[in-house]
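Turn these sequences into a full structure, and let the hints steer you where they fit.
Chains as they are written, first to last, in my numbering: chain A, 3 to 117; chain B, 16 to 125.
Just so you know, the hints here were simulated from the structure itself, not pulled from any lab data. Be careful, since some hints might not be right.
Claimed, not checked - Sample of chain B residues lacking proximity to chain A, with all beta carbon distances greater than 12 angstroms (derived):
(1) 26
(2) 32
(3) 35
(4) 39
(5) 72
(6) 73
(7) 77
(8) 91
(9) 95
(10) 96
(11) 97
Said to hold, decoys possible - Straight-line C-alpha distance at most 20 angstroms; calculated EDC-like pairs for lysine to aspartate or glutamate:
(12) B/112 <-> A/32
(13) A/42 <-> B/18
(14) A/38 <-> A/20
(15) B/70 <-> A/105
(16) A/73 <-> A/55
(17) B/112 <-> A/60
(18) A/69 <-> A/20
(19) B/112 <-> A/55
(20) B/112 <-> A/40
(21) A/42 <-> A/84
(22) B/112 <-> A/105
(23) A/46 <-> B/18
(24) A/43 <-> B/96
(25) A/38 <-> B/20
(26) A/11 <-> A/87
(27) B/68 <-> A/105
(28) A/46 <-> B/20
(29) A/21 <-> A/84
(30) B/69 <-> A/105
(31) A/73 <-> A/105
C-beta atoms are modelled at their ideal positions from N, C-alpha and C, and glycine is treated no differently.
Below, each chain spelled out in residue letters.
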Amino acid sequence: DTAVSQTPKYLVTQMGNDKSIKCEQNLGHDTMYWYKQDSKKFLKIMFSYNNKELIINETVPNRFSPKSPDKAHLNLHINSLELGDSAVYFCASSRSLGIPYNEQFFGPGTRLTVL
Amino acid sequence: KNEVEQSPQNLTAQEGEFITINCSYSVGISALHWLQQHPGGGIVSLFMLSSGKKKHGRLIATINIQEKHSSLHITASHPRDSAVYICAVIITGTASKLTFGTGTRLQVTL
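Below you can see the structure in the form of structure tokens.
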């Protein structure tokens with residue numbers, strides 16, 4: 003059983019389109035995260051939710067909107083896609099906030115290519 | 016300058032060698048993570064530590080809070096250890112937000 007799953011694995015789309023990436027965890031964790039890995043393989047936090055409440059919102063364009071319908075799901079919706087949005091997006095979860103509960107488990111990633 | 020620096024950026028070793036990857040950070044932290052990113056792209060958490068030393072199989076992670084430095088050691092390296100190893104810290108007061116180093120690409124050859 004996959005602990006943290008993401009769909010789709012690959013997403014190729016045109017500039018200007020709107021797309022969503024879904025994330026689900028079956029670990030019973032309270033906290034979920036979205037990370038972006040750029041073309042140089044550098045990872046950066048985008049958002050974090052704890053018990054469906056937004057707790058981390060980095061300097062991310064308003065075109066990116068996370069949604070957490072329940073603790074097991076954290077989806078990422080992107081409006082008006084731009085070339086610079088091309089990256090690999092990773093979802094992760096942790097049992098909770100704070101030590102020692104914040105070991106993070108990562109999904110397989112979604113490679114987004116904007117043409 | 017990145018708050019988390021890793022060295023070396025690239026490392027090639029022969030099977031069986033002892034490997035050390037270093038991580039230095041310039042901020043106060045509550046915890047440090049070592050992650051492994053496989054060639055296929057998946058990311059696995061290896062260690063989370065806030066003091067001392069942890070060991071798991073052939074992997075050992077140490078941290079010196081006063082010196083703001085951590086090391087990841089791999090004993091008896093094997094080609095399957097080939098991956099990118101990423102150091103990430105939780106800066107004090109930032110609610111589990113990971114700040115990442117740029118990674119160390121390790122290639123272990125036969």
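Quiz item: Would the pair residue 68 of chain B and residue 105 of chain A pass a check requiring their Cα atoms to be no farther apart than 20 angstroms?
Solution: Roughly 16 angstroms between the alpha carbons, so the hint for residue 68 of chain B and residue 105 of chain A holds.
Exercise. Would you check whether the claim that residue 96 of chain B is not at the interface survives, using Cβ distances to chain A and the 12 angstroms cut-off?
Key: It holds; residue 96 of chain B is separated from chain A by about 18 angstroms at its closest Cβ, greater than 12 angstroms.
Quiz prompt | Least C-beta distance between residue 32 of chain B and chain A, which was stated to exceed 12 angstroms | solution = holds (24 angstroms)
Exercise. Given the hint that residue 11 of chain A pairs with residue 87 of chain A, test it: the Cα-Cα distance must not exceed 20 angstroms.
Key: holds (16 angstroms)
Quiz item: Going by Cβ atoms, does residue 73 of chain B stay more than 12 angstroms from chain A at every point?
Solution: holds (20 angstroms)
Quiz item: In terms of Cβ atoms, is chain A entirely out of 12 angstroms range of residue 97 of chain B?
Solution: holds (15 angstroms)
Quiz prompt | Verdict on residue 35 of chain B as a residue remote from chain A, using beta-carbon distances over 12 angstroms | solution = holds (21 angstroms)
Quiz item: Is the straight-line distance between the alpha-carbon of residue 112 of chain B and that of residue 40 of chain A 20 angstroms or less?
Solution: Measuring from Cα to Cα gives roughly 18 angstroms; hence the hint holds.
Exercise. Please work out if residue 112 of chain B and residue 32 of chain A have their alpha carbons no farther apart than 20 angstroms.
Key: holds (15 angstroms)
Practice problem: Decide, holds or violated, for the assertion that all CB atoms of chain A are farther than 12 angstroms from the CB of residue 39 of chain B. | Solution: holds (17 angstroms)
Quiz item: For residue 91 of chain B, which was marked as not at the interface, is the minimum beta-carbon distance to chain A over 12 angstroms?
Solution: Its Cβ never comes within 12 angstroms of chain A, the nearest being 25 angstroms, so this holds.
Quiz item: Taking 20 angstroms as the top limit, are the C-alpha atoms of residue 70 of chain B and residue 105 of chain A close enough?
Solution: Measuring from Cα to Cα gives roughly 16 angstroms; hence the hint holds.
Going through the hint list in order, the structure satisfies each hint without exception.
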